[in-house]
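Q: So you can see what is in the structure, the chains are spelled out below.
Protein chains: 2
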Amino acid sequence: MSTLLIQHATVVTMNDQREVIEDGAIFIEGQCIKAVGKTPELVGERSQLAAASEVIDATDMVALPGLVNVHTHAAMTLMRGYADDMPLMPWLREKIWPAEMRMLENGFAEEAVYWGTMLACVEMIRSGTTCFNDMYHTFHAATQAMIDAGIRACPSGVLLGFLPDAPQRLEKAIDFCREMNGAAAGRIKVMLAPHALYTVEPPLLRRVRDAALELGVPIHTHLQETREEMQQIAEQYNGKSAIQVMNDIGVFDAPTLAAHCVYVSDADIDILRAKRVAVAHNPTSNLKLASGIAPIVRYLKEGVLVGIATDGAASNNDLDMVEEMRLAALLHKVATLDPTALDAYTALELATRRGAECLRRETEIGQIAPGFKADIVLFDFRAPHLTPRHNVISHLVYAARASDVHTVIIDGKVVLRHREFTQIDVEKVMAEASHYAALMTGQ
Amino acid sequence: MSTLLIQHATVVTMNDQREVIEDGAIFIEGQCIKAVGKTPELVGERSQLAAASEVIDATDMVALPGLVNVHTHAAMTLMRGYADDMPLMPWLREKIWPAEMRMLENGFAEEAVYWGTMLACVEMIRSGTTCFNDMYHTFHAATQAMIDAGIRACPSGVLLGFLPDAPQRLEKAIDFCREMNGAAAGRIKVMLAPHALYTVEPPLLRRVRDAALELGVPIHTHLQETREEMQQIAEQYNGKSAIQVMNDIGVFDAPTLAAHCVYVSDADIDILRAKRVAVAHNPTSNLKLASGIAPIVRYLKEGVLVGIATDGAASNNDLDMVEEMRLAALLHKVATLDPTALDAYTALELATRRGAECLRRETEIGQIAPGFKADIVLFDFRAPHLTPRHNVISHLVYAARASDVHTVIIDGKVVLRHREFTQIDVEKVMAEASHYAALMTGQ
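Protein chains in written order, with numbering that gives the first Met the number 0: chain W, 0 to 442; chain G, 0 to 442.
Please note that a few of the clues may not be correct.
If chains are identical, the list can't say which one is meant, so a pair holds when it fits in one copy or spans any two.
[As the list claims (entries may be wrong)] The calculated lysine-lysine pairs, modelled on DSS-like cross-linking and capped at a C-alpha distance of 30 angstroms, are:
#1 Lys412 - Lys274
#2 Lys427 - Lys37
#3 Lys427 - Lys300
#4 Lys300 - Lys171
#5 Lys37 - Lys412
#6 Lys94 - Lys300
Note that these hints are calculated values from the structure, not bench results.
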C-alpha cells in the first residue's frame with residue numbers, strides 16, 4: 000500500500016479540539032490518514048514513516064482539510080461569462096435554459112457535460128476544493144469526469160418537471176443512483192436532485208422522497224432563493240413557503256440539502272433545524288443575481304446546518320471556495336452590522352467539516368485526523384500577501400488566494416503538486432471545453 | 000529612448016469610445032504610450048515598431064490600464080492579520096494605534112514604514128495595481144519605498160490631531176509636499192492628509208486647506224465611515240455631518256478625496272457632487288469592520304466621483320484590487336436588489352480611469368491611449384477559470400484573480416515579467432517586513 004508523509008507543515012486540523020499544529024506531520028496510508036502530530040515526535044517515534052513512498056516537505060505551508068463545495072452545477076463552466084448582469088428568471092429563461100436545450104437536443108450533451116465538468120474539476124482542485132456536490136443534466140458523463148479527475152463528489156441528475164419526459168428522467172436518475180453510489184472506491188456518493196418546488200410538482204417530489212429513502216441517498220434541491228419565487232410559491236400553495244410545502248410532502252424525511260434559503264420565516268427555520276435540512280450558502284451567486292443575503296448568522300445561532308458553495312460558474316463566475324469563504328465571512332459582518340460575526344475560524348469550519356456534514360460525509364472528510372480520508376490541501380504561505388504571519392487562520396480566510404494552493408491530495412493521491420496536475424492534461428481540457436461551449440451558445 | 004512593443008493582446012483601452020481591440024498592439028516610447036491599434040496594421044505600417052528595444056508577445060493575454068487603488072495605508076501590511084473580527088474603534092484604539100505608537104516611539108519607524116510600504120508595493124504590483132493613494136506616518140520613508148519599487152503613488156503624511164506635536168507634524172508634511180511633489184519623474188504626486196474630522200480640529204483643517212490651495216495639492220481624508228462617527232460628529236457639531244462641517248470650514252475648496260462616505264444625507268451628496276469630492280469606496284474594509292454599505296449606485300447616478308480602494312491591509316487583509324473590483328460589482332447588486340447594477344464595465348472604469356480622476360491624475364493615467372503614461376497590466380487568460388472566453392470584460396471582473404497578472408509596466412518600465420519582479424528582491428522584502436512587524440506588535 001502506498002504511503003505518504005507530509006512534514007514541517009502548519010496543520011490546521013479542524014478537529015474537535017480545534018488543534019493547529021506547528022511543524023506538523025501527517026502520515027497517509029492508502030486512502031486514509033493514519034497519524035497526525037508534531038513532526039519531530041511523529042517521525043522520530045516511528046522510523047518507518049520517513050520511509051514513506053513519498054515525503055513532502057511542507058515548510059512554510061499550511062495544511063487544511065480539502066474545501067467542500069456543497070452546491071454547484073459543474074458543467075455550467077461552459078457558460079461562464081455568457082450572460083451577466085441580469086435577473087435570475089430572465090437569465091435562466093432567455094440565456095441558460097435555451098443553451099442547455101441546444102446541448103440536450105443536438106446530440107453533444109454527453110461530450111459537453113463531460114468536458115464542462117472536467118473543466119470544473121480542474122478549476123476546483125487548483126483552488127483547493129477536494130469534494131463537491133453537483134446537480135446537472137447527463138449525470139453519467141458528469142460522474143465519469145469526476146472519476147477521471149480524481150476528485151470526490153456527490154453527483155445528481157437534475158429533475159426539471161417541465162421537461163415532457165420528466166418522470167422517465169427521474170427513473171433514470173434513480174437507476175443511476177443504484178448503479179453509481181459508492182463508485183471509485185467510495186469517492187462518488189450520489190444524490191437525487193429535484194431542481195426546486197417551482198419546477199417540480201408534488202407527485203414527482205413524492206417519488207423522489209420514496210426513492211431517496213429506499214436507496215439511502217440524500218436529496219439535493221434549491222429552496223427560497225428569490226422574492227419572486229417566494230411570491231409564486233405562496234400564490235400557488237395557499238400562502239405556504241416552499242420549505243413548508245416540501246415538509247408537508249415529506250421530502251425532508253430523507254436527508255436533504257437545499258441551496259440558498261435566502262428568504263425564510265421563523266417557521267421555516269424551525270423546519271430546517273428540526274428536519275436537519277442542510278443549507279448551501281452561495282454568497283457570490285446570491286449577490287450577483289441580486290437575490291438577497293441569506294440569514295447565515297441566524298442559522299448558525301439556531302443550529303441550522305450550513306455549508307458554503309459557489310453555485311455554478313454561470314452565476315459566480317468561478318468555482319473558487321477560498322473566495323467564497325472570505326466573502327461569507329465579510330458579508331455577514333455587514334449584514335448584521337457586527338464585526339465579530341462569522342469569524343475566520345467559523346468560515347473555515349463551514350468550508351470544511353460542516354460542509355462535509357451537509358453532504359452527510361462528516362465521518363469520511365472535513366478533518367485532518369486519523370481515520371479520515373486523506374483529502375488535504377497545502378497552501379504555500381511564502382507570499383507577500385501572506386506576510387507577516389501574525390495569524391494563520393486569519394490569513395487563510397482574509398488574505399489567501401486560490402493561487403496559493405500548492406499541493407492537493409485527494410483520497411491519498413497527490414493530484415496537484417507544485418501547482419501542476421499530476422495526471423490531467425489541462426490544455427486539452429480547456430480546448431475541449433471551449434469547443435463545446437461555442438456549440439452550446441450557438442457561436 | 001527605450002521602446003517597448005506589446006503585440007497580439009486583447010487591449011481593453013478604457014478610452015472614451017470604450018474600445019476593446021482584438022489582436023491589439025501598444026507601442027511605448029520612454030514613459031508614454033505612443034500608439035495603439037490592431038497588431039497587423041500598427042506593426043505593418045511602421046516597421047520601426049518591430050525593432051523596439053523589447054517586444055512582448057501577449058497572445059492569450061488581456062491588456063488593461065493599471066489598476067488605481069485610491070485609498071490605502073500601505074505600511075499597515077505590517078499589521079495584516081494582527082487584529083480581526085473587531086469593531087472599528089476598539090480595533091483602532093486597542094490594537095492598531097498602540098502598535099503604531101510603539102513604532103513611532105521606539106526609533107524604528109523609518110525602517111518599519113519603508114519595508115511595510117515596500118511589501119505593499121510588491122503585493123500591489125503583483126496584483127495589477129500601478130498607482131495608489133497612500134496615507135501614513137513617516138512619509139519620507141514611505142515615499143522612498145514607492146520610488147524604489149517603481150510604482151506610481153500619491154503619498155501623504157497622516158495628521159492625527161490628538162498627537163501633542165500635531166501642528167509641527169503638519170508643517171513637516173507641508174514641507175514634504177514642497178520637496179517631493181513631482182518626484183521620480185512625476186511618478187510621485189503628494190497630498191495632504193488630515194485623518195478625519197473626529198481626529199483633527201477645525202483650526203488645523205483650515206491650515207491644511209490653505210496649504211493645499213497654496214501648493215496645488217489635493218487633500219486626502221476619511222469621512223462618514225461608521226454610525227458611531229456620525230453620532231459623535233453630530234453631537235460635537237450641532238447636528239451637522241462631517242461633510243457639512245468640512246464644507247463649512249472650506250476644506251473642499253481644495254480638491255479632496257474622502258475615503259468611505261458610507262452614511263450620507265441628500266445634503267451631503269449635494270456637497271460631494273458640487274465640490275467634486277472624490278469618494279474612495281473600500282468594499283472589503285467596510286464589510287470586515289461592519290461599517291456599512293456605501294450608496295455607490297446612488298453616487299454614480301447623481302454624478303459623484305467614485306473610485307475603488309483596498310484600505311489598509313490591517314482591515315482587508317490584502318491589497319488586491321482585482322478582488323475589490325469584483326466585490327464592488329457584486330455587493331451593489333444585492334444592496335440595491337438590482338442584478339443590473341454596477342455592471343462589469345462600470346467596475347472596470349471605477350478601478351481605472353475614474354480612479355485616476357479621483358486622484359486628479361486622469362490626464363496621465365487610466366487609459367491605454369496615445370499620450371497617456373504607460374501603466375499597463377497584462378492578464379494571462381490561458382487558465383481554467385478564464386475558460387471559455389465568452390466575454391473578456393466579464394472575466395476581468397467576475398472571474399480573474401490577482402495571480403492572473405503576468406506582466407506589469409509602470410511609467411514605461413517592465414516591473415513584473417512572467418510573474419517575477421525584474422528588480423525587487425521579494426525574499427528580502429518579506430524578511431525585513433516580518434522583522435519590523437514583530438517589533439511593532441511587541442512579539
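Q: All hints, please: hold or fail.
A: Verification of the supplied hints:
no., hint, result
1, Lys412 - Lys274, "neither (36 angstroms within a copy, 61 angstroms between copies)"
2, Lys427 - Lys37, "between (41 angstroms within a copy, 29 angstroms between copies)"
3, Lys427 - Lys300, "neither (46 angstroms within a copy, 45 angstroms between copies)"
4, Lys300 - Lys171, "neither (40 angstroms within a copy, 52 angstroms between copies)"
5, Lys37 - Lys412, "within (22 angstroms within a copy, 47 angstroms between copies)"
6, Lys94 - Lys300, "between (38 angstroms within a copy, 28 angstroms between copies)"
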